[in-house]
Structure formats: C-alpha cells, structure tokens
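Protein chains: 4
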Amino acid sequence: MAGRNSLYIPGPTNVPQRIRNAFAIEQQDMRAVDFPEFTQPLFEDLKKIFKTEEGRVFVFPASGTGGWEAAITNMLSEGDQVLMSHYGQFSWLWVQMCKRFGLNVIEEEVDWGDGVPLKRYAEILEADKGKKIQGVFVTHSETATGVKSDVAAVRKILDELDHPALLFVDAVSSLASMDFRMDEWGVDACVSGSQKGFMLPAGLGIVGISQKGLEAERRSTLHRSFFSFEDMIASNDTGYFPYTPNTLYLKGLRESVDMLLEEGLENVYARHRRLANAVREAVKAWGLSLVAKHEDLYSDTVSAIRVPEGFDGNEVVRHCYKHYDLSLSVSLGKIAGKAFRIGHLGDLNELMVLTPLIGAEMAMKDLGMDIELGSGVAAAQEYLRQK
Amino acid sequence: MAGRNSLYIPGPTNVPQRIRNAFAIEQQDMRAVDFPEFTQPLFEDLKKIFKTEEGRVFVFPASGTGGWEAAITNMLSEGDQVLMSHYGQFSWLWVQMCKRFGLNVIEEEVDWGDGVPLKRYAEILEADKGKKIQGVFVTHSETATGVKSDVAAVRKILDELDHPALLFVDAVSSLASMDFRMDEWGVDACVSGSQKGFMLPAGLGIVGISQKGLEAERRSTLHRSFFSFEDMIASNDTGYFPYTPNTLYLKGLRESVDMLLEEGLENVYARHRRLANAVREAVKAWGLSLVAKHEDLYSDTVSAIRVPEGFDGNEVVRHCYKHYDLSLSVSLGKIAGKAFRIGHLGDLNELMVLTPLIGAEMAMKDLGMDIELGSGVAAAQEYLRQK
Amino acid sequence: MAGRNSLYIPGPTNVPQRIRNAFAIEQQDMRAVDFPEFTQPLFEDLKKIFKTEEGRVFVFPASGTGGWEAAITNMLSEGDQVLMSHYGQFSWLWVQMCKRFGLNVIEEEVDWGDGVPLKRYAEILEADKGKKIQGVFVTHSETATGVKSDVAAVRKILDELDHPALLFVDAVSSLASMDFRMDEWGVDACVSGSQKGFMLPAGLGIVGISQKGLEAERRSTLHRSFFSFEDMIASNDTGYFPYTPNTLYLKGLRESVDMLLEEGLENVYARHRRLANAVREAVKAWGLSLVAKHEDLYSDTVSAIRVPEGFDGNEVVRHCYKHYDLSLSVSLGKIAGKAFRIGHLGDLNELMVLTPLIGAEMAMKDLGMDIELGSGVAAAQEYLRQK
Amino acid sequence: MAGRNSLYIPGPTNVPQRIRNAFAIEQQDMRAVDFPEFTQPLFEDLKKIFKTEEGRVFVFPASGTGGWEAAITNMLSEGDQVLMSHYGQFSWLWVQMCKRFGLNVIEEEVDWGDGVPLKRYAEILEADKGKKIQGVFVTHSETATGVKSDVAAVRKILDELDHPALLFVDAVSSLASMDFRMDEWGVDACVSGSQKGFMLPAGLGIVGISQKGLEAERRSTLHRSFFSFEDMIASNDTGYFPYTPNTLYLKGLRESVDMLLEEGLENVYARHRRLANAVREAVKAWGLSLVAKHEDLYSDTVSAIRVPEGFDGNEVVRHCYKHYDLSLSVSLGKIAGKAFRIGHLGDLNELMVLTPLIGAEMAMKDLGMDIELGSGVAAAQEYLRQK
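Protein chains in written order, with the working numbering: chain A, 2 to 388; chain B, 2 to 388; chain C, 2 to 388; chain D, 2 to 388.
Just so you know, these hints were derived from the structure itself, not from any lab. Just so it is clear, the structure is predicted and the values come from calculations on it, not from any experiment. One should not assume that every hint holds.
For chains that are exact copies, the list does not tell them apart, and a pair is met inside one copy or across any two.
What the hints assert, rightly or not - In silico BS3-like pairs for lysine-lysine, Cα to Cα no more than 30 angstroms straight-line: (1) Lys285 - Lys323; (2) Lys100 - Lys213; (3) Lys49 - Lys366; (4) Lys49 - Lys213; (5) Lys100 - Lys157; (6) Lys339 - Lys52; (7) Lys285 - Lys213; (8) Lys294 - Lys52; (9) Lys339 - Lys133; (10) Lys100 - Lys285; (11) Lys366 - Lys285; (12) Lys49 - Lys339; (13) Lys52 - Lys366; (14) Lys120 - Lys323; (15) Lys323 - Lys130.
Produce the complete structure using the sequences and hints provided.
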C-alpha cells in the first residue's frame, strides 16, 4: 500500500524526527563515568514538565500502567482505604489494580462522559472524620472518553477539610499537553508515560512524586522491587539506575524535554487547546456530539465522538484503517461501539489535525451516516485559518 | 514549530520509510568483489521501469539536468540540427542547454498550457527532405505547467515520414508515475531523475538510451567525460562505475525499484491518475482552472492551478509555507504569479493527497479569494471515497 | 572526540543496522485489527529461541530485572521455601529480590568464580523429604564473573530425586548466545532481556514459562498486575497486550529473531564460543587468568579478567574509556577492582572481538602492568585466522 | 554474516552518526523562501575548510571526477596548453580527461611512488617564455599510491617565474584531512568530493575557485552547462541552485563542516597525521615498505603497502574481504598487485585505525607471507598509547 499511515490514536503519537534521530545512536554504557552528566540534568528538567520543584521524577522502563503500580506499591499498604472513581476504561482499570494489591477501595461509579465526582468526593472525605482514607485518586484526562477532570478542585476539597490523604493523579494523556501543575495542585503521585505528550514510543513509565509521597514510602508495606522508589533514589542520586535503563528512550526523552521547553509549556498547552477546538468545531458541524458531557470536561488530547443511533463507532475505525490507512481508536467498555476516538496530541500542527477529520468524514459517509462531505473540515479550517 | 512540514512540490517528493531505511546503511566499498551482484540486477530491473528491453539505463550521480546534458553530449555533435519546442520553464531550459552546446535548434514556441506541437513538428519534419534534423525533443510532463505531451504521437510522425531523427524525451516528472513506454514509443533518450517517481532525494540523473542512441555515440563529437556513455558502459558491463558512484542512493534506488515493481507499474500509474483526478475535482469545485488547457493535457504528477485575476499565485505558496507549514510550488517564467503548483506524485495515498487541498483552500480564503472552505476538499473526498 | 565508541560491555550490545532500521518506523496502533498478524508469529518464533514447544514466552516492556520479578510473583507465594545460590552480583541481587517478596530463601554462598553448587543443591534437595522447597534457582551465565553454570545438571538432580520444585533460570546473558534448552532441561522460568543476545537496547524483559510454571500461577498469592501472566495470556491469546506494549522494540525483536533464526541458533552458539575462545587465548598470552575458575565454567558471552595484585581492574576500565573511547565493564561487589570485564556477545565478528583486546592491552601497559603489546592480540589472531 | 564490515578504503569513509542523523530528515523544498538561510552560511563556512577568503566554493551534485571536469571546462579552452604529471591512477585519469576536452597537455610521467616533479615543472615553466601554459596541475594526495605532493612548492615556482598559469589541485583525498591552504598556496581550482575528509557518502563534487579562476571563466570557450560556474554563481548568490540540488547531502555537509570546525582543522590534520604514523609504524614492523618513496611523500589519508615479491597485494584485499569482512583497497594500474591500500581518513580514532592492521596481518600470514602476528599492531599500539 502506497503512502504513510495516518496515526491519530491517543498514544502512541507521531514521533518527531528530532526524537527519531535521538534514537539513531550507538548503544552506550549506562555505567560509564560520564553517564551522570547526561542523567542528572535530565532528571532536573523533567521536573519542569511536571511543574514540581520539591518533588522528584522517576523514569521506569515500563509503561503508564507500570507507573500506576509504582505509585500504589510504594505509597500504600495492604488494607489501606482509598477513594477512587471510574468514568472510563482507564480509571476503571486503575481501580482493578488497586483491588489486586489489597487496597480497600471506596469506589464511586460515574457516568462515562462525566469526570471526577467532586461533590461525592467532598461528602465522603468530610464523612471520613478519622482521616482513614490514605489516598484519593483522579484520572486527569480519561483517555477512553476524552474527559478532563478538575484536579485542582480535588486538592481544594482536601485542603478545606485538612485531609491528609495522598493525591494520586493519572496524567498519562494530559502531561506535557494540557495544563498540569504538580506543586500548585498538591499532587503527590503523578503518573505518566512516554508515548503521549512526550512524543516517544511506549516503553517508559514516568512518575512524579511529592516529598510527602516519598515519605509515605517508609510506611508502605506492599512488596516492590522493580518499581522501588528507594532503590531508584539510591541510584539516581549518583546519576545511575538500579538496573539497566532504557538508554535509547532516555536519549529520546532528553530530546523530547528539550523540544517541550523550547516551545514553552504554555505554548504547548495552547497549541493542543487550539487544535482540539478545531476538532470540536468539526464534530459540531457534523451534527454529532462528544462523549464528554459539557465544555468544561473536554480533554484537549483526545475526543470521543458519539455516532448516531444505529451506527457502530468501531466500524468507523475499522473502515478508516482499511480504506484510508487512517488509525483512529475504538470506543471501549461501557461505550463500546457508541463512539470513535481521535487522538490529537503530541507533535501536531494545523494540517495534521485536519487529516483525521477528512478521513472520518469519508468513512461516516461511506457507512451511510447523514454527513456532508467537507462540512466538518470546513468548520475546522475556519477555526484554524489565519484571519 | 510543531509538527511536520507537508511537502507537495513536484519533486523532491516524500521519501518513504523503506527507502530511508535503505539509506541508513554503513558505507560500502564500490570496488568490492561482490558489488556487481548488487548492481547488475539493478541495471536490469531499471529497464523494466523504463519499459525497455533493448536499451540500457545509466545512473549518474547528478540530476535530471545532468541527464539532459548526458543525452545531448553523447548523441549529438556541434552544429547538429534539432527540433525542439518550449511550453514551460523546463522545456525552455533544455533548449537553452542545447544552444550552449552549439546545437542548431529549430525552436517552436508554444503557449504555456499546451504541449508538444504535433502539427508543427509534422510540418517541419516533412519539410526536412534531407533528413538533416538529428534530434526531436519532447518534454513528456512539463513540470512548470502540469502539461503532458503525447510522445507516442511524435514517434508516429517520425515513423510515417520514415525520419531517422533521434527522439529525446524529458520524463523527469513522469517516469515511474505516468504511463511511459520507451521501446514501444521508440524513445532514444529518456531522461529522468531520482527525486520524482523514484521517491528518492535529488542526486541521480537516470537515463535510458536505445540501441540506436548508443550507436549515435560513435558519431558524436561533443566533449564528454563525466557523462560519457562509453566509459559508463565499459564499467557497468563489469558491474562497476568509472568513478565513485553514489552508493547510498543506489541502495535507495534498489528499494525504490522493488517498491515500484511490487506495486506494479500499471497500478502505480492508476494510483497517480486517481489521486490527480481528485486534485482536479477540487480545482473544479473551487471554480478555478488548470494551466493545462484541456483534459488530454493533464499531467498526473503536478497540477498548475490558475488563480483569479488580481491575485498572486506565488503569494498563495508563501502563505501556505508561512502559516500552514505546507510546501507548494510557485509558478515560474511566463506564468509567474498567475498560478501555483501542487505536486502529487510519489509515495502518496488518499489522505495525503487531500492535505495540500485543505491548506491551499485556507490560504486562498485568507488572501481574499472567493473560495468556500471545504468545497474543494469535499469534491475530492467524494471522488476518492469508497462507494 | 572523533570516531566511534567501541562498546564491549556484557549488554547493551551493539545494535545491528537491520535492527536499527526496524526501529526507524512510524508508530503504529497496537490495537489495529491486523496487529495480531504481527504478534502471533513473533510469539511462536520466540519459543524457538528458548527451545520450548510446550511453554510460552512473555514480552514485558521492562528489563531482565523485571523478568525476575515476573517469574517470582506469578509462580511463588509469600513464605515459600526456595533454594538459591549466589556467586556473583546478579545471582546475589536475585536473592535480595526474593527476600523482599517474602520468600524463605535457603541461601548458598559460593566463591565468586564458581558456579551453581551442584553438590550442595543435591544434598539440600535430598534432605527436603517433605518436598517443601518450591523453587530452585540458577543463574546460567553470571554476568559479573563470566561464569557459566550447569542447568542441565540441576534438572538431573531434581529428576533423580523426583523433586517437584520449579526450576528458575536467569539466562539474561546467555539466551540467544549460548546453548540453552528450555524444554530439554525442564526449565520452568527462563528470564531474559532484550539487550544481550537479542541485540536490542535494554527495555524488554523476555520470559519463557513452562506449562508447569503457568499452572503454578493459580496457586501463587503474591500481588501482581503489571507483570501478571494471567493478564498477559488473556491478551496475547488474541494477539494484543493488556496495556500499551513497546511496539518499537517488538519490531526490533521481530528482526532480531529473524536474524538469529537465519544464522541458526547452533551457529550463533558456535560463533560466540569461537570468539570467546579468542578472548581467552589473549588472556592466557597476557599471563592473566579469568575469574571463572576452570574451563567448564567459562561463559561465552562475558569474560572477567583478573588483574595482577597491586593493580585496579576498574582503573583499566576508566583508562580505556578516557583514552581509547573503549567501553569495558568494571568488576562489582566482592571482586570490585580485582578484575575487568569484556562483553563479547551479540552481533560480533572476528575483527570486532579483537578490538577490545587491543585497547585493554594498551591500557594495561599504560598503567604499568607487565604486558607485552600485541601479545594477546597475536594469540587471538592466531586462534581466529583462517589456516 | 554477523557483525559489521570494517571499511578502510580511501573513501567512501565511515559516515559518523551525526551526519547519518542529518540525513534522516524529511525532504525539503529547495525553493522555499527560507532556504537561503540554510545555504548561505554553509557556503561561507565551506570557505573555511578550503582556507580561502577571497575565493568561492561550488557544490555540485556529482563527484570528485565531476569536480575535475568543472574546473577544466570553466577555466580553460580547447587547445590550451597545460602542464600535468601523472604518478598514480588518479593523476593519470585527470590527464586523460584534459585530453578529451582538447587541451594540449604537456605530460610528465613520474615513477609511481614519487610526487609532483618540481624540478621538471620549474624547467618547463622557465622555458615557457611566452607564458603560453595556461594551467599547471597537481594531485595533492594521489589516492592510488598514498603519495603527497608539495603544492606550496609549485606555487613558489610559479611566483618566482612570475608565471600567470592557473594552479589546479586535486585535493579529493586531502582536503579536510591534511594541511591545505588555498589562499596561501595560491590555488586557483581546488577539487574535492564528499566521500573523503567530509565524511559523507559519494555524491558531491566540491570545488574551490579563486578570484583569478573565476575571471578565467569569461575567457573559457569550452561548452558547459551542468557544471557552469556562471549559472551556479547567479543562483548561489541568492541562496539557491540553478537546478535541483542534493538537499540531503547539503544537510549532511552542514553537519560535516560543523564537526570539522568544532574539532578545529589543525586538530583534524594532527589526528590524521598521528593515525597515519601508527599505520606506518606497523608497516615498518612488518618489514614492508610503502609505495611512497620517502617520508616527505607520505600521505596522511591513505597508505599503499608493498607486498613482498611473489605475493599479490590484491589477493590480500580479497582475502580480508572474504574471511574477515574487512574492506581494504586494491592497487591499480602500474602497481596492480604489487601493493594493497589502507584508507585511514575521516571519522577515525585510535582503536579504529588499528582494526585494519589486525586484519591485514592475519591475511598476510594466511597467504604465507613471513609476517609475525601482532607485530605491526604492537608497533602501532606503542606509537598510539598514552605514555
């Protein structure tokens, strides 16, 4: 098949040439005397991406899922009470993981399309007079539904109640793409991965932990070794790793961080916002709606687009892949078939973000939906064009 | 600037990953004992791309322009009478080159937008009772205007008059993209380059020469060394080159030829035709016209699109580049400013060919033209979609 | 600094161009409908590398250390008695990990330079009349000392005693380089990583598990999620992964497995043996000795070379790196400073394996050791040359 | 075959990763408005490599051979008398080229192993009272014999005689590796290529021309088009090229020039000298001699090593390639079979330059020569080691 696949899933994202070049290196000795000259500035600069000065960032050769596990096993103990909510496939999976590790989960089920249930969280935390709840969990951008949750508001609830619970945030599909402020929001564990805003392939779990989070490790009794913060700290402090790191991806991560800081985080956020708005203009023009229930809940990295009754969103995805070499993402779990997803994050510009709109439009029309060709594209063009 | 440049000029074209990988090799010894095992099948397979069995193909580390020079200096002599026409920047430049080498050019000026003047060629050749004209020149696809000329018809004229002139064809922007038949059309010199249908970067002049053309070398008195067919034949016959070849590009050319033969030349032509039709549907929907005067003249690799009176096509190009990171091509020479050009050749698929249409649409609107956003895209989508 | 670093550590090894090219791809959707067409043959072919027909192979985006953890947490339970021995840094680290997970370790300390203590293992297992020992551990090639242990002999002991303990083997620095037979030797868990014989960068833990090992998962009560075999099986059986896999490395692994199978595993082993012998000839010619105590213990992937009294092996490593851009490996733990290590595994040929010998020779001489320049190289050349 | 080919021919040389990365780019529009921002600083910095302030440098998508032709056809006219000498294959080929272009060559035949015949040049130029000789030619480093000629001395002869002839120098295998001073030595045409000191693959002819050389173009009557300085100047002055340039290699050339200037040209020369000395120490230790007759004639980029009577140097080359995956170069022309050549230029360091010595030693021994294994290597090690 001629030409290139158009990849618009919410991660892995397109890897920019600069990062691909950073990969095209000879292997290196991760125990070389000058290796710390490479790692230590990287650890420092990573903190800027998380917007933390007091915390620290761990890089595991793993994935976001591994990052979840690292946060749990280092900071909590079997039987600990934690407050979680699920409003999509990934927040639900994190709940399952916590249960596996023997945590006592207070589990709030939320409509897919809504975000973290602030009111319920406030009620439950207020009711927790004994401050037994050890951790409160939020999925910042729920990748399955394209819903953004209000992390700052959760912090506000905790602060107002003077509740000491640790704040765990899944920022896998938001960090380095959407406004995220680890210190300001008092996030104790921020879990991310390499294959989203960092524009790398999948293969790293990147985790920011606050001082309070690091102190929690001393009390935690869950077993851990591969994901041990303590081991990581002992080695990272000297510029090394407790076991062979993924040096290739570390080189890519260096380039990624450089690119993000060169563009400026605020500009990166604004760009994602602008491109996401264009996608949303197209959806409106198509006469469709997002899974996310209202504007405040719109994620800027992924949009889950509802298809009309009688149509299968996942068929749109299969059709795009088969006929137009376009990779979109299927809808999962509770909304399986009811929507399709477009990832619009990472190294993107205007013409690139219009590409999946063209293909989706054609596919929807092909499948018999009442879509006018060019309509969504035109709305997005109008939004994006230089006036 | 985030994201990737969208490159839609009529060469260099996008280099597919397979070819980029073929480049990512260690250097090799071009005098190694097993080098002929690589070169000789390549020389053979190149002939398939030219559709010649009796001719041979030379690969110079040069460019299409170098290929022009190779054809002239090996096959003609100072003072030789040649019949040429110019209907665009590149056919005009070839005339200039012939004059530099002291050829006696019968020069037919043609409207830019028309192709080779068959009637005039027939008249002139018929009038040449002494058969003094040594060469007849055709630019198959005039890259400056997006005009295709009828090579087979020129051959027919020559045959009907039993005229022995050599037939020189510039197929730089047609070979490996549009129907081309060297043996069947009796082409004696077919000049091409690496950066168009071969999907490589610029850096090779690739020239197919018929047996009659090779015999002409014995009579030619123009000086030549770098471009000498004789030297090339002596070395190529043993699998080597008379001077250091561009082994990197030869590896890429091997991959390119494999890709073309795997897809099948007829499929490659059909794909280019189909994608070009989509572009033309957009132009029609915009209410604009091509520089090429009528359908039979449409090149399938490049379209020169006229802008309305009062607008500057080259401003469209600059605007696309500056605001949308989209590279289109300016109009040159006689039509400078009156049009802009979109290259739609090489490793392209449906979504890729729609990309420049989106950008051009936005730019034209930005610049005040009466263009409805989405209109051209929709027409092209309709043409391309699976029904 | 001009020129290329010469990397001769026991992993990461030099990544061959074919694998580097496999990396130079656009990202892909790991949920695409045709992704299983890629993964399922890969899972099958990986089994050939482990020489298992009845077992299965898991690929974690992790490291060999992660592979250790996967084997332990899926197949054992807190309090389980396991028989382990340590005779180098890596076998020692595995013991530490088992303790962390609450295993009851019968810990045999062995001289660094010896391998698995067969006699002691036999005594202890024979004394275990109640068959309480759940797991027996062997590090096949101890990377810290260059010592190979006899896995088949441990299996023989278990069989003769009809002992049902699971056999765990660390084959990180032996698999795909040295003779390894998972089924024949009755290995229940074979842990490997990407950055040694597989010739990839670090970033994958690759683990082969026997049917008996898979059945053990049902009884195991240790917490696991990221490393869960059950989750992996459920997804792998459909050609997918329970969380985002490292698709880049999977592509590289595909190429790696192809390269290994094309060369033929027996040829790969023979090549490593031959190149290792050349290194050992050099060591002999230098008048030095290996840490490995006798010939049967020599690993074919890494040699730890003792330096004379009064010299620091790690200074040799630092000197090579600083002055000759040569990366060798330091000695660790109990033998720190007493030796230096040369990795001679992966994509190597004769001239490549001679390179670290040249540099080590120069460095040892520079540092005042009584080494004749050229002596080790000559011995290795004599061994390797075509006679 | 496992492992990497060891490439030690006098060009193409090993392409460093930095340059390979510069190649791994998307194609670009060579007519983009910002293209001059890339080309113009490159043209300026190239002058530093040639050590010219008043001249200019042309970059042709061709080869060193193309560069020869460019120099001749732009600066001389048919029938012009030129003084040339040949002392190796490449100086001989340049003579042949000049004859093809109708130059009247005063041809001095010199023993292969000697350099430019200063005394004969002085006599002939002194005898040329009418100053009819238009050009004097020197091959700075004769790649076929490893002989360096004294360009400054030729300039001195011309100056002392106040002879106005243009000075043409082939610096293909010396520029960017050995001391070269275009302005100081009054070189009017300095021809180079991409695949030697510039560390790129073959594919560019890079030519430095003095003001006097540029003025000569006005008088020259040889036909030229592809290689026309005039056309090149007209376009280069605006930051563009008269026809599609090899933008890929231009990107690589940018990186190459950066690397050379970062290391410092004097350091580059010193490194080549030091590594060449090491090779020469090995040759001495083997009891062999160079083709170059005495020390002043030794080229620092390539050594042609004589084999003893009764042996075939080219068999050494074939044997190295077949058995050790080592690419050396055969001897050509008058010395065919009497020697083999090692290229030691470009991106090399100590261990890299020792590699061909190991292989050559093994091959010579294999073929029955009286060579002690390790002897040449030891001598080179001793020379190179840090004392």
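Violated hints - listed by number, lowest first
3, 6, 7, 9, 10, 12, 13, 14, 15
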